[in-house]
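Residues per chain are reported as follows:
There are 2 protein chains.
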Amino acid sequence: MASESRLIESIRKRFASLRSTPIVKDAARNDWLRVGIGDDAAVLRPAPGYECVVTTDAFLENVHFLRKVHEAVAVGYKALARATSDIAAMGARPRYFFLTLGLPESCSGKWFDQFITGMARAACEFGLVLAGGDTTKYPEVVIALTVFGEAKRGRAVLRSGAQPGDLLCVSGRLGESELGLRLILGDARNQRRWPQLVKKHFHPQPRLALGRWLASHRLATSMIDTSDGLSTDLSHICHASGVGARVIADKIPAVHLPPELHALKLHPLNLALHGGEDYELLFTVSKKFSGRLPAAIEKIPVTVIGEITRDKKVTLVGADGKPQPLRPLGWDPFRK
Amino acid sequence: MASESRLIESIRKRFASLRSTPIVKDAARNDWLRVGIGDDAAVLRPAPGYECVVTTDAFLENVHFLRKVHEAVAVGYKALARATSDIAAMGARPRYFFLTLGLPESCSGKWFDQFITGMARAACEFGLVLAGGDTTKYPEVVIALTVFGEAKRGRAVLRSGAQPGDLLCVSGRLGESELGLRLILGDARNQRRWPQLVKKHFHPQPRLALGRWLASHRLATSMIDTSDGLSTDLSHICHASGVGARVIADKIPAVHLPPELHALKLHPLNLALHGGEDYELLFTVSKKFSGRLPAAIEKIPVTVIGEITRDKKVTLVGADGKPQPLRPLGWDPFRK
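Residue numbers (our numbering), protein chains in the order written: chain A, 2 to 337; chain B, 2 to 337.
Treat the hints loosely; a few may be bogus.
Pairs count within a copy or across copies, as identical chains cannot be separated in the list.
To be verified - No farther apart than 30 Å at their CA atoms in a straight line, the calculated lysine-lysine pairs in the DSS-like style are these: (1) Lys14 / Lys314; (2) Lys314 / Lys138; (3) Lys153 / Lys300; (4) Lys323 / Lys200; (5) Lys323 / Lys138; (6) Lys153 / Lys314; (7) Lys111 / Lys138; (8) Lys266 / Lys289; (9) Lys289 / Lys138; (10) Lys138 / Lys252; (11) Lys14 / Lys138; (12) Lys138 / Lys69; (13) Lys289 / Lys252; (14) Lys266 / Lys288; (15) Lys14 / Lys313; (16) Lys289 / Lys69; (17) Lys313 / Lys266; (18) Lys69 / Lys153; (19) Lys252 / Lys69; (20) Lys300 / Lys111; (21) Lys313 / Lys252.
These aren't lab readings, by the way, just hints derived from the structure by calculation.
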């Protein structure tokens with residue numbers, strides 16, 4: 002069994018080697034990090050004109066992932082992708098992260114190596130440098146991440162800026178991650194049978210370039226990532242902004258179900274409304290700037306799915322044209 | 002069972018009410034926090050001339066505390082005190098913190114209230130404002146904290162600055178927390194029998210004022226908090242600074258054992274050398290400034306216990322005057 006300092010040393014080395022990759026190298030040109038791993042705390046000095054955007058996220062065995070189903074590489078990748086998605090949702094640029102890791106003895110060898118490989122791959126893609134952390138022995142794998150981004154002063158996009166009349170928009174396609182989850186929970190072999198359909202569940206892609214584009218063009222009045230499901234995440238925007246919303250069911254870019262899966266009796270609209278972990282961006286745009294909104298931004302399709310209302314209700318307009326209340330039925334770990 | 006948003010709301014309210022307490026109010030005068038709890042991420046803007054000091058720390062049930070032994074109030078207090086001690090060890094001032102909490106359903110009522118009461122008490126004493134976090138259901142209580150401090154540019158005290166010839170100093174008394182732990186693990190009733198002896202284990206006091214005094218007077222060349230035990234924490238300073246140390250056993254301010262406890266056959270020197278969780282400050286001072294070092298700083302006694310050597314060995318000089326190797330035998334969760 003490795004000692005704590007040996008594990009930390011191996012994490013440090015693995016991430017230090019990333020500093021030569023193009024995206025991290027580019028970020029390092031404007032380095033905020035005065036003291037990184039190896040002291041009691043890290044010391045960061047934001048560049049003039051910038052603010053720190055900070056988020057924390059837990060990724061826990063048997064709650065957010067299953068060691069039998071999720072390979073170590075995917076656990077490492079997804080843990081960091083989930084947390085970094087919150088940085089995307091602020092329109093910020095990821096810079097540094099802190100990893101707190103509880104690990105069973107049985108995971109400190111090969112499992113640990115693959116886990117770090119997955120996390121290093123994500124760090125490399127997102128431009129993140131490891132700045133510190135904490136490792137301890139624990140009966141299950143528990144991961145807590147703190148991700149640190151940068152935004153130009155006053156440019157971070159909040160949940161609270163939606164105005165009545167704003168267009169409600171979403172990136173990508175919704176319900177894909179939930180479909181992947183259902184497939185692998187139904188039969189583990191589906192992971193090999195339907196690699197394209199489970200991909201988003203294992204390797205979500207935080208919409209970093211899109212988020213930054215929206216922030217830098219000052220186009221989004223409010224924004225959130227769809228981690229808990231459209232219905233729940235939209236309720237967060239409405240609550241924070243003191244508004245309501247009307248969503249047009251037919252406009253929602255819902256997951257495609259191949260005909261072979263129709264027997265599973267899954268409803269694409271339900272998956273799209275309440276399925277979690279798509280990590281797409283849900284945002285609002287003032288109607289007067291709707292002409293500036295391309296159909297795709299940074300290669301990610303963007304769809305207008307409704308609008309913000311003064312009336313604080315959140316409703317879904319079905320094919321019959323009648324609005325029904327849209328209740329937040331997405332992921333809530335404490336709801337029975 | 003409360004929903005996640007209700008738990009978050011109750012945490013938010015509890016900590017928001019602290020903003021009117023003197024120490025937090027004082028800190029808020031120079032507020033860095035542009036966006037706090039309730040968005041995808043917090044936004045922080047350090048004041049000109051200041052740097053961010055950031056640390057993360059996990060406090061896990063059955064690893065760092067036992068729910069049967071440690072009352073919820075003490076768990077909340079100690080979790081935050083431990084993490085904040087790293088800010089003290091940098092000579093920085095605590096400002097904001099993020100709480101990631103995994104909680105069993107059975108703990109979401111009264112236990113949760115008391116836990117938050119303890120944490121709020123600590124936040125209030127240390128001047129910390131809650132800036133964000135994450136709550137989820139989990140079979141055991143898992144707590145991960147990120148604490149954010151401020152230091153004047155370039156003034157944070159690192160582990161790596163110790164020079165040969167520097168005096169090695171420690172605050173307070175060592176081994177007290179370990180003694181408390183042994184007492185309560187031996188017999189839970191000792192908690193009532195020896196309240197003074199178990200106090201430091203349940204309610205450690207990060208040496209914030211001392212750490213800031215040392216940083217602002219530029220007196221400490223290196224510093225660490227004694228979380229893992231003197232022998233292990235000293236090895237970290239020596240490793241980071243590329244030096245060794247000679248510790249004089251007789252000079253170590255070891256825990257006092259009342260005569261009634263002599264039957265337990267505990268050795269105060271061993272408790273002081275290898276016992277963890279005292280959260281005192283271990284630091285080095287250039288010999289030429291030794292005259293500026295008071296016997297107590299901010300009411301905390303400070304003791305010179307040895308000196309830094311060019312030779313990279315770490316040794317303990319016993320009563321016979323002979324140096325013996327001092328191995329790092331403090332807390333390491335992965336060592337068998």
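Consistency of the hints with the structure:
1. Lys14 / Lys314: Between. Shortest inter-copy distance 25 Å satisfies the 30 Å Cα cut-off; intra-copy 52 Å does not.
2. Lys314 / Lys138: So Lys314 and Lys138 pass the 30 Å test across copies only (29 Å; inside, 47 Å).
3. Lys153 / Lys300: Answer is within; shortest intra-copy Cα gap is 24 Å, inter-copy 43 Å.
4. Lys323 / Lys200: neither (35 Å within a copy, 64 Å between copies)
5. Lys323 / Lys138: neither (55 Å within a copy, 37 Å between copies)
6. Lys153 / Lys314: Neither, since 34 Å and 48 Å both go past 30 Å.
7. Lys111 / Lys138: both (16 Å within a copy, 28 Å between copies)
8. Lys266 / Lys289: neither (41 Å within a copy, 79 Å between copies)
9. Lys289 / Lys138: Neither. Shortest intra-copy (55 Å) and inter-copy (43 Å) distances fail the 30 Å Cα cut-off.
10. Lys138 / Lys252: neither (48 Å within a copy, 34 Å between copies)
11. Lys14 / Lys138: Cα proximity of Lys14 and Lys138: one copy only (20 Å, versus 33 Å across).
12. Lys138 / Lys69: both (20 Å within a copy, 20 Å between copies)
13. Lys289 / Lys252: within (20 Å within a copy, 75 Å between copies)
14. Lys266 / Lys288: Cα proximity of Lys266 and Lys288: none, with 38 Å in one copy and 77 Å across.
15. Lys14 / Lys313: between (51 Å within a copy, 23 Å between copies)
16. Lys289 / Lys69: neither (50 Å within a copy, 60 Å between copies)
17. Lys313 / Lys266: neither (33 Å within a copy, 69 Å between copies)
18. Lys69 / Lys153: neither (42 Å within a copy, 48 Å between copies)
19. Lys252 / Lys69: neither (37 Å within a copy, 54 Å between copies)
20. Lys300 / Lys111: Neither way: Lys300 and Lys111 sit 36 Å apart in one copy and 50 Å across, limit 30 Å.
21. Lys313 / Lys252: within (21 Å within a copy, 69 Å between copies)
Checked against the numbered hints given earlier, the structure breaks hints 4, 5, 6, 8, 9, 10, 14, 16, 17, 18, 19, 20 and satisfies all the rest.
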